[in-house]
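Both chains are sitting in their own frames, so use the hints and assemble them into the complex.
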Amino acid sequence: MPQFLEHSGTSWKGQRLKHTQSLIDSVDPRVRVVAAFFFALVVVSSAQFSVLLIGLGTALVMARLAHLNFKRTLRRVIAMDMFMIFLVIMLPFTTPGEALFELGGFLASKEGLLHACQIALKANAVVLCLLALVGTMSATTLGYAMARLRVPDKLVHLLLFTVRYLDVIGQEYKRMRRAMQARAFVLRTDRHTWRSIGYLVGMLLVRSLERSERIADAMKCRGYNGRFYLMDEMALGHPDFVFIPLCALFLGALTGLNFI
Amino acid sequence: MTALIETRGLFYRYPRRGVVLDKVDFALYPGERVALTGANGAGKTTFLHLLVGLKKAKGGEIHAFGELRSEEKHFVEVRARAGFLFQDPDDQLFCPTVLEDVAFGPLNLGKSRDEALQIARETLASLGMDGFEERVTHQLSGGEKRMITLACVLAMNPDVLLLDEPSTALDTEARRRLLNTLKSLPHAMIIISHDDEFLTELETRRVRLSDAKLVEEPIQQTVAVVSETEAA
Chain R
1 MPQFLEHSGT
11 SWKGQRLKHT
21 QSLIDSVDPR
31 VRVVAAFFFA
41 LVVVSSAQFS
51 VLLIGLGTAL
61 VMARLAHLNF
71 KRTLRRVIAM
81 DMFMIFLVIM
91 LPFTTPGEAL
101 FELGGFLASK
111 EGLLHACQIA
121 LKANAVVLCL
131 LALVGTMSAT
141 TLGYAMARLR
151 VPDKLVHLLL
161 FTVRYLDVIG
171 QEYKRMRRAM
181 QARAFVLRTD
191 RHTWRSIGYL
201 VGMLLVRSLE
211 RSERIADAMK
221 CRGYNGRFYL
231 MDEMALGHPD
241 FVFIPLCALF
251 LGALTGLNFI
Chain X
1 MTALIETRGL
11 FYRYPRRGVV
21 LDKVDFALYP
31 GERVALTGAN
41 GAGKTTFLHL
51 LVGLKKAKGG
61 EIHAFGELRS
71 EEKHFVEVRA
81 RAGFLFQDPD
91 DQLFCPTVLE
101 DVAFGPLNLG
111 KSRDEALQIA
121 RETLASLGMD
131 GFEERVTHQL
141 SGGEKRMITL
151 ACVLAMNPDV
161 LLLDEPSTAL
171 DTEARRRLLN
181 TLKSLPHAMI
191 IISHDDEFLT
201 ELETRRVRLS
211 DAKLVEEPIQ
221 QTVAVVSETE
231 AA
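Protein sequence lines, in the order shown, are assigned to chains R and X. Residue numbering for the first sequence follows our numbering, beginning at 1 and increasing consecutively. Residue numbering for the second sequence follows our numbering, beginning at 1 and increasing consecutively.
If you're looking for bench data, these hints aren't it; they were derived computationally from the structure. Keep in mind it's a predicted model, so treat the numbers as computed, not measured. In this text, a Cβ means the ideal position worked out from N, Cα and C, and glycines have one as well. Check the hints yourself; a few may be wrong.
[Stated by the list, open to error] Partial list, computed: chain R residues near chain X (C-beta under 7 Å):
(1) Thr140
(2) Arg214
(3) Ile215
(4) Tyr229
Chain X with its partners taken away, still in its complex shape (with noise of 0.2 Å):
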């Protein structure tokens, strides 16, 4: 099985927090739902980053559904491929409308405006968010922001999602919400959180980031989340 997204020997420096992946190892394969713990600061968001182009590694390779990515004008094609989900939601619902910020994606991928438009209805409607098609993006609540952000990112039909944090600052129910819709997705994801009960939920695998070196973790897998991998 050939890996989604590979890293080999990334490498990445701030001038002043120094060193923050020292030569990681990586590989993302099909179906898999990877947890990505680390202390605040260890450089998760920045790994993550890196992945779709949006900072340039010092050092190392980046291979992305099947190809080496090493300059801008490759990692549009991989933003378009590996949905990210920005840890604040504010980052990302930029437009107007709820409708408007959903059919971004399509539209830039080249969809025509009847195409996008039906893509984001179909996208909300699945995540059970149809009616706020009109809200304005910014009078939602948090939960509805990350579930449109959600969205967004589904709109685009994504292979692979990048998922920043997302059940930070979310009440239970939103929350369990998010989880539930999460887990029915076929897609890869790599997730970062602190949310040590969200990931048992979800993870298939566990890394952390400490010292600037990926380790791989044991998870401590609930008998529900057995059964139901094996089935997926």
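Next comes chain R alone, as it looks inside the complex (with noise of 0.2 Å):
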């Protein structure tokens, strides 16, 4: 995978990442993730590019204050938008009405150009707004988080997992990529090729599998009976009341710029 598509789990597992103190941190993690949640509600629903260009400009801002790396941000956002990109040329192609230009044989829409526009705005102000609220968080505390906002605790457990194991199993595989490498494998286009891929990705699974019957086992060793405590205490401070009173103004007001 090319360097700036890199996953950006890859920087979480560290934590450690260079990341100074903001303001956003302040602000108690619980109220970050639903200020995104209902940030992300409000834009999503909107149509009007007043909105959305608010909406784009608060993101940007608060990405600012959250003093969010230039470069990675940029990297994380410019992966997203690859997702969206086909889906971005292709409408204006694809969506019927006034004809804007024409380009090989094909008419391209007003409609679908604007409509085009707005999923691209729509889409980079939430990330951005999630990059700044809740991505400076670590996936512990985002998991802590959702716990005490009462997501069911599957849910929490799988996350924490995921955060705990990802680079366990990212090891076992560039391990086995590593001896494959060291028995001269390159990738090619042949059969030889596809089925060593696949042989170790199976391998993969089945020592993942492998090794989570051994966790099962080894919590149940320590006496694990299906209960999970959480060692963390949150309790909303002097920012959320401000954050809080802030946000719910702000939001109401975009939402009601809808209906000017």
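Okay, here's the thing in structure tokens:
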């Protein structure tokens, strides 16, 4: 995978990214998750360009407030944009409406172009806001915040275990991959490559399954009885009491703008 | 003296590997450090798993802490009193931070949150691992992981330690540290290892698993170890 498309999870695993404490960090994680959720809801359901532009602007300001690393953020936003680039390109040609220009015999419609722009604006605003509000907390904190927000236990455990073992499984993958390279394996487009990669993936699944069984055993050995205990304490503080009304007011105004 | 853990006619067979334990009689007494050796795949780990009920014996009896244990619910207590150290520390450390991981056992034993944290901190300190409380578990070195897993097990205040290849993949210094720690612990232990030097310094008795039978073996004690066991 090219460097610039690396999964954002890879930099989560260490938590110890260079991140200076910011204003956003002083806000309670639960409040940040809820705020990001409602922001996304308002932005996605808005149809006015003015609202979307304000939304994107706000997201940019929040990213600035959160001291996001410019390069890393750009990389992630581009990664997300790559997902929808085809949609955005195709939309003008597939939506019927007023013709705008012609390209190789295909007509692009104005409605389609506007729709595509809206989608791009919405997606970028939401992703930036998520990166600023949620992306700045460690995955573990996010898990705890979700647990405190009464997200089902199973989902929270799934997240926490994924965070914990992503790296272990990743290392297992790299070990096997290196072992293949050590025996002069090179990726090609032939049956041998496909079969070998198939074995690699299969073996990774088998090993992960076996490891999960061992982990379950180890947990049983320490008296696990189906219950997890959350160790952190979260309490609303002064910054939250400023942030919550500000957020509510802003989102309310943003929603209202749609009806003007 | 009554045995802490005793097996009578313990039998286990894998579908394809065949019989790995054939009518094994074994007893672990307080203060003993039993070395369990044997070839790869001889069934040493299986034996330990049977003792704490992670696998179900196909025959024979397991008596632990004065009672016959045959069902899953009997083994819950056994697991609390017999601390199991797994081969791969990564299997054992699953919480995000060290402190949470060490406190996991005490919490399961019904301790309150503050008590559990207190126990966790004390245990870490007793192993000289204070300062690691907030570290992220998967970023520790191999030796550190090993010491933390030991802390996890000790935090449950067990009577017996079951150690599955504790010294594997440790460097000289980490190995020495583990060795000294284990020597200073009063617990009865069963230690699986292929590391002869490691065993020689710890063991008070040695058994070997070969051809599905458990055989007593003489131990080569160094002078230092003899005087120490006598002192104990």
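Each hint tested on the structure:
1. Thr140: holds, 4 Å
2. Arg214: Arg214 of chain R check passes; min Cβ-Cβ to chain X is 4 Å, inside 7 Å.
3. Ile215: Status holds, d = 5 Å.
4. Tyr229: holds, 5 Å
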